[in-house]
Amino acid sequence: MRNLYALLVGIDRYRTVPGLSGCVRDVLDARAHLGSTTAPGTELVLKVLLNEQATRAAVVDGIVKHLGQAGPDDVALFWFAGHGSEWPAPPWAEPFEPTGTIQTLVCADSRTGDVPDLWDKELSLLLDDVSDRAGHVTVVLDSCHSDGATRELREREPAVRTRSAPPPDSTPALDALRPRLEERLRAGNPAQHVVLAACRSFEAAEERTLDRERRGVFTWSLLRAMRRLGPGATYTDLLLAARTEVEMHSCTQTPQARPRASRLLDQPFLGGAVQPADRNIRMRRAPEGWVIDAGALHGLPVGDGLRVGVRGRPGEQAAVVEVRATDSRVEPVAGWAPDERTPYPMVVTSVPTPPITVTVDDEQLGKTLGRSLDVRVVDSAHVPDLRAGYDDGELTVADQHGEQLLQQEYDVEEAATAIEHIGRWLQVWHRRNDASALGSPVRVEVLSASDGRLLERDASGEYVVRYAGGKPPEILIRLRNTADRPLYCALLDLTPRFKVDPVLFPGDFVAAGRVGHCLNGRRIKAYLPPGVPVAAGAAVKDRLKLFVAEEQFGVEPFVMPALPATFGVRGGVRRDLADAALPAGHDWTTDEVSLRIEVPR
Numbered sequence: 001m002r003n004l005y006a007l008l009v010g011i012d013r014y015r016t017v018p019g020l021s022g023c024v025r026d027v028l029d030a031r032a033h034l035g036s037t038t039a040p041g042t043e044l045v046l047k048v049l050l051n052e053q054a055t056r057a058a059v060v061d062g063i064v065k066h067l068g069q070a071g072p073d074d075v076a077l078f079w080f081a082g083h084g085s086e087w088p089a090p091p092w093a094e095p096f097e098p099t100g101t102i103q104t105l106v107c108a109d110s111r112t113g114d115v116p117d118l119w120d121k122e123l124s125l126l127l128d129d130v131s132d133r134a135g136h137v138t139v140v141l142d143s144c145h146s147d148g149a150t151r152e153l154r155e156r157e158p159a160v161r162t163r164s165a166p167p168p169d170s171t172p173a174l175d176a177l178r179p180r181l182e183e184r185l186r187a188g189n190p191a192q193h194v195v196l197a198a199c200r201s202f203e204a205a206e207e208r209t210l211d212r213e214r215r216g217v218f219t220w221s222l223l224r225a226m227r228r229l230g231p232g233a234t235y236t237d238l239l240l241a242a243r244t245e246v247e248m249h250s251c252t253q254t255p256q257a258r259p260r261a262s263r264l265l266d267q268p269f270l271g272g273a274v275q276p277a278d279r280n281i282r283m284r285r286a287p288e289g290w291v292i293d294a295g296a297l298h299g300l301p302v303g304d305g306l307r308v309g310v311r312g313r314p315g316e317q318a319a320v321v322e323v324r325a326t327d328s329r330v331e332p333v334a335g336w337a338p339d340e341r342t343p344y345p346m347v348v349t350s351v352p353t354p355p356i357t358v359t360v361d362d363e364q365l366g367k368t369l370g371r372s373l374d375v376r377v378v379d380s381a382h383v384p385d386l387r388a389g390y391d392d393g394e395l396t397v398a399d400q401h402g403e404q405l406l407q408q409e410y411d412v413e414e415a416a417t418a419i420e421h422i423g424r425w426l427q428v429w430h431r432r433n434d435a436s437a438l439g440s441p442v443r444v445e446v447l448s449a450s451d452g453r454l455l456e457r458d459a460s461g462e463y464v465v466r467y468a469g470g471k472p473p474e475i476l477i478r479l480r481n482t483a484d485r486p487l488y489c490a491l492l493d494l495t496p497r498f499k500v501d502p503v504l505f506p507g508d509f510v511a512a513g514r515v516g517h518c519l520n521g522r523r524i525k526a527y528l529p530p531g532v533p534v535a536a537g538a539a540v541k542d543r544l545k546l547f548v549a550e551e552q553f554g555v556e557p558f559v560m561p562a563l564p565a566t567f568g569v570r571g572g573v574r575r576d577l578a579d580a581a582l583p584a585g586h587d588w589t590t591d592e593v594s595l596r597i598e599v600p601r
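Residues 1 to 601 in full-length UniProt numbering are what the sequence shown spells out, letter by letter.
Think of the hints as simulated: they come from the structure by calculation, not from any bench.
Quick caveat, the model's predicted, so the values are computed rather than measured.
Here a beta-carbon is modelled for each residue, glycine too, at the ideal position from N, C-alpha and C.
Careful, some of the hints might be misleading.
Unchecked claim - Each pair of labels, with its calculated beta carbon distance range:
1) P564 - P88: 44 to 50 Å
2) P90 - E456: 26 to 32 Å
3) R307 - P88: 43 to 49 Å
With the sequences and hints as input, model every part of the structure.
So, in structure tokens, the structure goes:
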């Protein structure tokens, strides 16, 4: 028998901060949903804390003792509806808080006597302890992390209330958490849990009258999405569907999911088998019409003939009518009438001229690539982006400077797929916005992990790090925002095996004048890839691509797996992105860093 341990917390009545009116209803709705949808063979073990019951000590005890019962076959769920707040982060917490603030949950007795709020990182530590033993851990937070919007919203629209409490009068006592946070930071594989949050850290979570009672807009929207999409819906799909519902009620909040760009989000709610993402573009209904979460920043091209569609369903396509900085507006075509409350996974099915050019010395390979959406075959009179040679089953690929990128045995179909893969990878590396007014506001800094020394680029513009005694070099990477405003940043690792991986810094706002620490400040080991022996003279190059924008964007459209040594059947291959003209909307820019990993001779 599998157990679902659920701790549901709803607080309308507070001792020291203004009350709310929809949080208890949220928890009762969540309890009813869980009770009616728990799968056969799963026992629902509930603990509910309402109003005065939800003291700080009771919430912590509920996580430790109730959720802590979950074992490897069990699921743990923490659902909180109540006030949230924020406070300036202490200097030592900088690696965890690139925004410069800490976010807190306000418990029923918070700020009475010496009872503090519950810091989100303290909550994370408690839940990490649970996830060390449990099979799966999910968190739903319908609370506000923004103070500035509270009074403004109440004065403007009395029907709307935000779940935001003002900052506490005194600095929270956080130093006691420092050793545990730093210990978790040093862990090679920190435990992870899925978080669905009502809004971004600087936004307000609203409650309104919905279905004749006061409710949190996010909880109401999320539960509606669960009922409509069913038990197989992934976290990603549920979040997008909930976001559509939130926007339909004119709310100024943007629901969030963490960890960003993680396969954990490809699981159904409360865990299950990971569903492989067909492609990482999603179409959903927004206030201005249908949109996809890829734009010029991701490399989506501008021009007539660009279409996206649901894979395997040729009658469900949409034309791209406006490419914006971080997303694009689309219109369904050929009579397709998609459900306005359902998100759709999409692939690009038709593009203008592919931007990456390639010369090919094999006629059959050239014909195979002739129908590609990713690369365009040109003759030897052009200077191509890629040069492909194919002789006796062996494919070699070099860039326009003659640097060999690949040498591998493939059949013709596999060789074409490999070239397309490298073409998509190269598009990410080449992305830039020549008309950006941002300049270079964010700097990538590479440091020696042993002494914190800032490394310098060599004459070729690369950072060079070397093995010592057979051990890989260890470095730290951070992003320094030199601008006078917060900027959203993501750092992608373009590996020697043509993988695009956002794990280093998958996306967050970095406050003005502050630093975002990759991997939350953990040391990064610069390994040679598998298959490259640690021998004198061995060397590979990792490329780091920084994307910076004024508005949040998704990194999912960038993500690519490593190029495999062999492929399955080629057919119906689609592309995600291509080069782009400059969009309207928020500004964005990029930067590049090359990291050369060597074994000394």
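Against the structure shown, which of the earlier numbered hints fail to hold, in ascending order? none
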